[in-house]
Each structure stands twice: as C-alpha cells, then as structure tokens.
Amino acid sequence: MPDPSDIAHLLRRTEFVARPGRLAALSALPTREAAVDDVLSVTGDPGSVLPFASSTDSQRVVQLTDFWLNRMAHDSPRPIQERMALFWHGHFCSSDAKVGQIELMRRQIDLFRRDGLGNLRDLAIKTSTTAAMLRYLDNNQNFEEAPNQNFGRELMELFLLGVGNYTENDVVACSEAWTGHADWYRPGDDDYDNGAADYLFYGEALHDSDPKQFLGRTINVDPDAGIQHGAETIHVMLGDPAADGGVVPAGPNAGRPSRDVAAEFLSRKLWRFFAGTEPSPAVVEHLRNTATHPANDFAIRPWLRALLTHPEFYTPAVKQALVRSPIDYVVALLAASGVRSEQGTPWWLMEAMGQRPLFPPNVAGWKHNGYWIGASAFGGRAATARHVAFYVLGDYWDGAGMRLAGGTLSRAEVEATADSPAARQALVGRVADLMQIALTPSTRAALDEFAGNAAWWELHDLVELIFVSPEMNVA
Amino acid sequence: MTLHRDISTADALAHLHRRETDPHALDRRRFLQLVGMGAGGGLLGGASGSLLDWFVPGHDPSAWAAGAVGPNDGILVIVGMYGGNDGLNTVVPIADGNYYDQRRNGDVDLSIAPENTLALDSATGLNPHLTEFKRLWDAGQLAIVEGVGYGFQDLSHFNSMAYWMAGRPHGPAGTGWIGRWLDGYLAGRPDLYAAAEIGNSVPLHLLGTQSRGTGVPAEPPGWGSATDTRSERGYQAVRAMRTGVHGPWFDAVAKAFGDSFDVAATVAPYYPPSAQLPGEPIVAKLEVAARLINANLGLRVLTAGWDDFDSHAGQPVMHTARMHELDAAVRRFYEVLHPGWASRVTVMTFSEFGRTSHANHGHGTDHGSAAPQFVFGANVAGGFYGERPSLAGLTQWDRMPHTVEMTSYYASIIDGWLGGGAGDVLTGNLENLHLFARPPGVLADGTTAPLPTVIGGRSMLVPVAPARVADTRSGLGVAAGPLGPGATLKVRIAGAGPVPADGVTAVVANVTTVAATEPHYFTVYPGGTARPATSNINSGPGRPVPNLVLIGVGLDGAIEVYNSHGSAHCLVDVFGYFTPGAGDRFTPLPPARLFDTRIGHGVRPGPLGELERIEIAVAGNAGVPPGATAVALNLTATDTEAPGFLRLTPTGREPAETSNVNFFAGDVVPNLAICRLGPDGKVILDGAGPAKHAVGDVFGYFGAAGERLQCGTPRRLLDTREGLGAAKLPIGVDRAITVTVAGRAGVPADATAVVLNVAATSVSAPSFVTVWPAGQAMPGTSNLNLMPGQTIANLVICRLGAGGALTFANPLAACDVIADVFGYFVP
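Residue numbers (the numbering used here), protein chains in the order written: chain A, 1 to 475; chain B, 1001 to 1827.
Read the hints as simulated data drawn from the structure, not as lab findings.
For every residue, glycine included, the Cβ atom is placed at its ideal position computed from N, Cα and C.
Be aware that a few hints might be false.
Stated by the list, open to error - No more than 25 angstroms apart at the CA atoms, straight line, and that leaves these computed lysine to any residue pairs for SDA-like:
1. K1728/B <-> W457/A
2. K1728/B <-> A418/A
3. K1728/B <-> E458/A
4. K1134/B <-> W457/A
5. K1728/B <-> K98/A
6. K98/A <-> D1307/B
7. K1728/B <-> A455/A
8. K1728/B <-> R430/A
What the hints assert, rightly or not - Computed from the model, here is a short list of chain A residues facing chain B with C-beta under 7 angstroms:
9. E168
10. V171
11. V172
12. V323
13. I373
14. F378
15. A383
16. H387
17. A446
18. E458
19. V468
20. S469
The shape of chain A in the complex, shown without the other chains (with noise of 0.2 angstroms):
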C-alpha cells in the first residue's frame, strides 16, 4: 500500500488539490505506480466551452476563462488533463493580449487540453499552425521577400531545444522553412457568432521552397511539399540521427542527437513544473531516455510516468518545493469552497496576483516559486480569499450556513460555541475537514488562538484565514 503522503502529494501536483475521494481510492491501490496510472488514466474528450454565450470578445474571454478553471477545480474527473494543458499554454506560450480573437486562443488551449498527453511531435506540429501561435509569434508575416524569424527563433530556443543548442544559419533556415504560413478567414466562413475565426492560410507564392541545410541536415527538398516544409525542422529537431534527425551544431552540446538535448530541455521542463526543484542529473538522463525510447518517441505520458514514479519525486525536497502559482491557488480556493469560477475569480483579482489565463506575460511563459512571492502579489490573494469567503458565507447570517466543498457548517452550529473556548478551538478542524485541507500542527495552534479567543460571530473569518494558510499556498 502506498503511503497516503505520497498519494496526497502526488495528486496536489497532478490534480491541484488531493480530494478527499481520490486520496482515499489511491491509496487503497497496491502500489505507488498503479496511483500514478490511475491519475494519468485520461480517457474521452475533456469537451469545450463552445458555444460561446456572447459574441463580444472580452465576455467571451471570461467565459473560457470560467470553464476552464472550473474544469481544474470542479468538473474534470482527470484534472491531469487541464494541469497538463496548463503546463503546455506557459510552454507553447501565446496570448490573447496580442493574438487578439479569444476563439483562437479557445482554439489553442483545447489542443492543448485534448493532446496534451499525446505525443510531442504532433502537439508541436499542430500548436504551430494554430491561428494563435501563427499571430503570436508573428509567423503569419513570415514571408520569402520579408523573413520574420519570431516564431523560427522561438520554436528552437524556447519550445524544443534551449538556447545555444543552434546556429544562426539555423534560425534562418527554421524561419525560410515556416515562409508562406499566414491567418485567414475561410472563403465564405464569415458567421463570426459561431465561432468562425481565422485559420491557417498556406500561400505557396509566399514560401520559400529551398533546401535549406538545418541542423547538419539537408531539408524541404521537396519543392511540391511547401505546406510540410515547417514540420520538416520538428521532425529533425525530434528525430532520430540514425534516420532524420539532427545534430546539435555548436556549444556545450555540439555533437549530440538534437533530439536528446529536446527531450533533455523538456524533461527540465517538466520536471521543475511538476516537482518545483532542479532535477538531479540522474532524473535528467531517466526522463530523457524514457521520452527517446523507440517505444516512446515522444509519447507524453510514459514520460510524465516516468517523472511521477521517479523515487525523487517523492523526497522531502521535493515535496515542500511548490508554491501554488496564482492559477493553482485559486483552483485551490474554489476546490476546497465548492465555488465557481463566476463567481470566484474575477480578472482583476488574478491580475493583482500576477497570473492570468490566456494572458501569460510574454513567450517564455510563467516561472515558479519565487516569482510568485511578494507583498504585493499576496497582497491580491488575501484580496482573493476575501472574495471567495464572500461567497462561501452567502446566506450564512439568514441561517443557510457557510458553504464548504465537504459540507454546510450551519450557524446555528457556529453559535452553539459561543460559550467554550475548546469548542470555537474544534471548529477550526471542522471548517478545514469541511475545506477537504489537512492542517499542519503550527498551523493549527495559530488558528486554534484565533478561534479560541474570538467571539462565536467572528468564527467565520476562519474561512479567509485558512485561505491564505500557507496550507493552501504550497502545493
């Protein structure tokens, strides 16, 4: 039997909280290995938030934003699904800030959402002709006379391989490859209300249909093969030297298979979203060997497997190593509240935290732990907690109780411990059981002082001081 600890960290990191439900279920499996498979045991569409109820941009915008998170917190039976989408909307980054049309962005993410444990090659492939990244990275201005080398760039430095594992001849021989690949509307597909927005538009006239020497390799020497002229540099980056596959040219890495060095950049990746800390080498060369398997090639979820099975994952370094970014947090607050994201989330508050879904700040995406910190970002999640103990209270004074995810504690329940310090002080472990939280030791003497000193009608600021409880900051 696995020990619950574990089960409960492994499902804060996979699943965003450990529920109740699910810890209870994990731990009952023979093995560590068997709870990670369950977690990962991803089967059916995770659905879409069209229709869209509004044809206006920024409603829109709040809507997916609302599904989204609701799934995270609420309705996904698999939130491996969302997190994994979550990991890839901060690696493959785009933002609506720029990119413009919340559809394309809609468009983008439920790729992510749906492929996100498929295979890295395809999410790639198909993330780089999405409408969004095309404008995000300026592609879709990428042309023979006029190279933009934007996204040529990105896609090496920032998405498969990491900086310095490339030449500039590389950069430009990427950015000629992906020439020619522009946004358009499809001919007579103007019913914007439902949904219609731009679409890759493929212009052979605009592409560059040379072969180009990219990574020691010769490619695009198909000149009828435009369109696939882009994916050629993934399928080198990814592929096997023995077959296709590149070599690093320079630097530290020169030498080496491209596509150990990718599968050792995303492994990094991974490895530091999911467990917080720098991976050992020895996790390094696991991850990388499991993503380069011929079995595997790139299949995602026998890599993330790998990651989450890996006896490091499991250490105490790594377990006291996440602080909830401001995504998680929320998901966290609405999880343990029952909340919905309507109601609990509003953008201002997520941008007083400094995170805000479908906006990350620019194409590296989001960092971890310390980039979080501050007074002023946690300054917006007390902010935070406030709103979203505003509607866990609801109809509290008229009788109706405090609404937790676990249950309603009732007034009338509150109030019976008006006269008893030890009773104010037992409700603190009733509201966190309600919240589906364990609490640590010292946390809960600050709060049991708390409770045992306030009056029964203060008793519900418990909710808001278990919100910001370092308890419901780290993951």
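Starting from the known structure of chain A, fit chain B onto it as the hints suggest.
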C-alpha cells in the same frame, strides 16, 4: 526595409515588471539573451543560487533601515512613458524645416505648427498640452535634456526598455539602475520603504542585487489596513503560521502575507478614498506618490508609469491624450505635494525610445531612437542640456543620432540628486550634466528648508513651557462647545502656542475630558488619518480626567480627538513636541521609583501642602545620569483629602497654569509626565489641595545621546477582553502576562522602547497595574491605580525586555487590560 514587429509593449512591460527572478530557469537565459548578453553571462552578480535569498532578502516586515528622509536628502520620482514617446511632438523644433517636411507624408501632417506650441525660445515650443511644464519652465525649474539615448539603438520595446531600466545599453539586465543604487544606499539592510513602485508589481529598475523596491498599490490597500481588534487578531494568526519546520516556501508564503499586511497598514492612512482619486491611472499614481512623500515614510525613489505611447497609427489623438495625462499628472502631483518638500523632490521622465522623424502612412510614427527627457523640480537648474539631434538628411527609416548617453543622464541624477555613487551603479559615459541649481533641501537663499510636518519620522524631543492649545469651554484654539457623541475635534498643533509651524512629527500633551455627561472615551489620533479602533482617555460624569498622549501629528499639522458617547469638553495642554531636526534623544530605563513623599524616598518625608514647592533631584537618581535634559516619569497622587492637582516644573521657572494629575478626595491617580529638567537636573513638584502625597516612577530620560521616536497611526496591541495579544482572561494575582511587542502592531524588531496607552477595566478590587520589561523581576513601580467600576488609562513608555516583550501584572486583583501602540523608540 520594414520595421520588424516585436512583442508588444505590454508584453515587454509584463516581463520587466517581475515579481521574482528564477536564476536557474531557462526563462532567465532567454531574458539575458534577449537583452544582448547571451546565455549564462552576468547573472545577478553576487546573488546566491538560493531563490529564497532573492525574493525577500531578510526583510523584517516592519524594518525601516534608512529611516525618514532627512533635510538634505533628495527624493526622486521617475515617470515611465512606455511604448516610445514621440520626442519631436513633445519638445517641438519649431524653427526646423526638416521637422515640418518629414512630418508630412502625402495627406498626413503630424507636425505641430509653431503658433500652436507653448514657445520656450525661437527654436523650441512645448506640446500645447504641457501647460504645467511651461509653468515650470518659466519658473526656471524645468531641464530639458535633449537627444538622450544610446548607441546602436535597439528598436524592440522589450530590449530597449530592458536597457533603460537596467541602465546598461546592450548590457546585462539582471538588475536595475535604481536597484543597484539601493544596494549601496541600504548596504544590505532590510528596508521596505526606501523605494517603491506605485503599481501592482516591482519593475526591473527597482531590482538590485541585495535590495529591491516595494510595490505599493495605486488604490487604497485592503486587508491589513484595518485596526480593529478582530482584524488584528486575524493578522496575528497569519503571522503565527510561520514556523520554519515545513520547508522554506511554507514560511516564505506566510511571511509574504505578513509583509502585505504591513505594507497595507503602513501606507493606508495616506490614501484618500478610491472615489476621490483621479480617474486617469497615471494622475492617480502621481497623487499617491505625492502623498507618500508627504508622509515621509523614508521613500527616496518613487516610480510610476503608463503606456500607450506606441503611436504607429492615429498618433494625433493618441499622443495628445498622453501629453494631456502627463500634464495633468504633474499638476496633480504638485497640488498634493506639501510645499515644504518642493526643494527635496525632483521628477524625471524616461521612455524606451523616441520615434521616427518621418510620418508613416498610417498617421503615425515608428520606433525611433534619441528623444528629449524632462527633469524638473524646485532645485533643478532650468534650461536646455545636451544637443538637439539634427534632422538634416534623414530618410524614412533613419533614426536620429543621440547626443546624450543614457548613462550620463542617469549619472547626472545619481551624482546631482541622490547623494552620488554613479560610478558604482553605472558604467560608460558618466558625464555629469549639472542639472541642479542647489543640493536637496537648500533654498535659493542658501538656507535649508525645514522639514514639513509629517506623521512619524524618527524624531527627537523639544520640551516646551506647558501651554494650553485647546479648550472647548472657552473656545481657545477650537470652537467653543462640548463634543457630542461621535463628534471629532481637530486640534491644530503645528504653529499652536510654543510649537513651530513646521517639522513637528509628534506632540506630548495632556488631553483632559471635563464635564462628561456619560461614561465615554476619547480616541486621539493623527489629523487627516482614518480613526483607529483605539482609545486614550476613559471618564464619566463628574470626573475630569487628564491623560498624557504622545501622538503623531498629522500631515495637516493637527491631531484629532473623537468622543465616543454623550458629550464632554476637551482640553489640550502641550508639554513638548518631537522633530527630526534637533532635540533630545530618549534612553529607556528599567522602571524605578524616583521619589515617594510617604516614606521620604528621594525627597523629604511628609505630605505636600497647598502649593508647597519641593525640589526633586532627578539627574543622578533612579538611573537618570547627570546631563539628562528631561525625564519620563509616572506621577501619582495618593492619600488625597480634597480635590486638587499635582504639577511638575523645571527648576528655574515659574509653574504654568497647567497640571499633570487631577484628583478628588480619596483618589489614587497617576499620569505620565515628560518634564524638562532645570539646569541643576531638578524639577519642582507642587500642587493644589491640602495635604496629599506624591510618588514618582522613572521610565527613561532624554539627553544628547539615545534614541529617537517613531510615531505611527495608533494600533491595538493587547486586549484581554478580546483575546488579542494574550488569552481571553483577565490578569490578576497569579496571572501576569508577557506580551511580545517587537515585530507586532507596526513595531519593528529593533525597537528598544514603546509608547503605549494602557487601560484597565472590569476591576475586581482596589489595585494597580504595573508594566515592565519582560525577563526582569517585577519592579516596585506602578502605571495605573484602579478602583472597581472604573476604567482607567495611562500612557506608558517602557523599555522592551527579553524577546522584545513587556510584562503586565496586577498583583492585587483581577482586571482586563488593553494596550494601544502610539509609537516606539529606535536607535
């Protein structure tokens, strides 16, 4: 040639406004690579690999290393114009035909005609919306630095903004120029109030290697700023969640919430309600900046910015709006800024680049290079600096050469206004442009302007001859007539009686309630701030009760007195004031009895007769050394047979028409007194009424050496009725309580003594309360003398003991105690 589109201004800003630097992440390398360093180079020189070292480098939440701004400290306000401001339509070269040619493109003409500008000279006109800048120019207080830029202009918003914020063209952008200045200024000491961005996050230019600026909100802060007991109890619970046993991030998170509460509580009193702030964000931000300067929290650098300067298209409407906002923001800034700060405040602008001289086809201009920047303030030497770049021969995509290096621009500010050290902060061309007519604080006549009135600011005591400054019975200083229920009386302190009009941070006064119609209390607090949930004096019908207050004076030079119930008259007698300039410093002592007429301790034995004067030697006794100039002592009247008062006067002076303690027959009444000593180190004790005894307990003294007072807005520290600061139980015979003060209720960890108002209520039997430094034996002194049925308050100044704590005891009977913090002493 086409302009390379790059990531937008908003994206670049979002990246440059970082909450944290993650030294090991790919993203960092990406960032450095973007700013021209390449991977791995120049990482955060000196920062360790630990993320924890970075994000809050040892900040004590309430730490305030640098202290208040001094009389000759310069304050810098940096205004960022994000997106690339069009310099040519800001400072218009009205005599340059090239400008008028190049700004015309087919039907498009983006030029501003000479007659439409605000002419500065025959060759220069300001944008017509910059009327406030014209006023500054006419006053000789606006420097226009022409052609500021750097070589090999980068046309990306992202890169160029990184260079400007870093202060390193094409250099590493791990730290910002003000951040590195902060590193030197603070020398590693923690300080949340040395530099701040008015906005949601901390921009690159405020990040140093060890130190960093604080982000303060552009709107009144929320959670953390309330002062009621329930809120304070909540804050204490959150702080108590830090333990050190659950891993580094666990504690860091709890600390960050504590920090956010502290910043909120510190700045909140200086904000107007949201609805009263201007609607345009930059105008509101500069109003907040002015208010925070007025408050003298110690901020030396304030930064704020706004965007939408990237006028590729529709420039006329867009740039006009920006110029209008800039002008409104500066006007608002000076409207709100206390004039006494003018000689210490300089404002400067920056933008990542200017714009092309040629208009494009879209009624706009594209990313350019050099541009003029503004530096203004009362001590700025107005005029033109640098050289206006020539437009001769520029074609569509040519950019103007720069004539002033960005590093020289910054160096002129650092060396001219921030105390020097440009060579430690910047490299490259550091030519000083000599933008300033006078150093900070110095007026045209060569004298230093007095510091304006502020709340707090580390200050020293200036005792004065006691003087009544307010009396609602006679209408002295205030309107005649009692305070009704819920009424607030504003009492002007600055300029009242012996108190000077400027530079007063706090006042020592007796506030007396007279002719109360119901049991009630007064809350005394700094003028113009939100009324805190604290109290100072409790009284009821038939009992005039004085209590000493040591209270921060508001920015309006006043204190306010709030009456809780019924009606009552109010008297205010001033004994001294505190100022950052010059005065006496405080040394706290362990409480010790100085004199007691009942047993002849320190004085001759026997009761005090009607107006009989007794000299009491203070210096040389009870721990007070020779040379002390004033003493903080608790004066108690006892064995009283008829109504009367006690009074302390320095030797060599005639007693004034004020009193320290008022009593009725049978009362045992204490009141704290801060009394100047005569030249011989003595005071005169006298009082009205037949035979009565007097007891004096010393808590500290003032002199040339010692510590300074920092007053803040009052905060409740302890309330045993509410379980705040201690368990919800009365103190009593076997129940003394020790309360940690340092690090709570706004008192920093390095405070040595604290100013409290201590009240006792629910008294079970005649008894007394004594307060002393934790870890020591109970002294033979007292602070409050209690009778059942009364609520009694007294000011307490007490040295902090072990663990920064105080012990409260009532050795005879049970009572609840309430303590509010009004200030503290720090080195």
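Verification of the supplied hints:
no. : hint               : in the structure
1   : K1728/B <-> W457/A : holds (16 angstroms)
2   : K1728/B <-> A418/A : holds (13 angstroms)
3   : K1728/B <-> E458/A : holds (14 angstroms)
4   : K1134/B <-> W457/A : violated (59 angstroms)
5   : K1728/B <-> K98/A  : violated (56 angstroms)
6   : K98/A <-> D1307/B  : holds (15 angstroms)
7   : K1728/B <-> A455/A : holds (10 angstroms)
8   : K1728/B <-> R430/A : holds (22 angstroms)
9   : E168               : violated (12 angstroms)
10  : V171               : violated (12 angstroms)
11  : V172               : violated (14 angstroms)
12  : V323               : holds (5 angstroms)
13  : I373               : holds (5 angstroms)
14  : F378               : holds (4 angstroms)
15  : A383               : holds (5 angstroms)
16  : H387               : violated (10 angstroms)
17  : A446               : holds (4 angstroms)
18  : E458               : holds (5 angstroms)
19  : V468               : holds (5 angstroms)
20  : S469               : holds (6 angstroms)
The structure shown violates the earlier hints numbered 4, 5, 9, 10, 11, 16.
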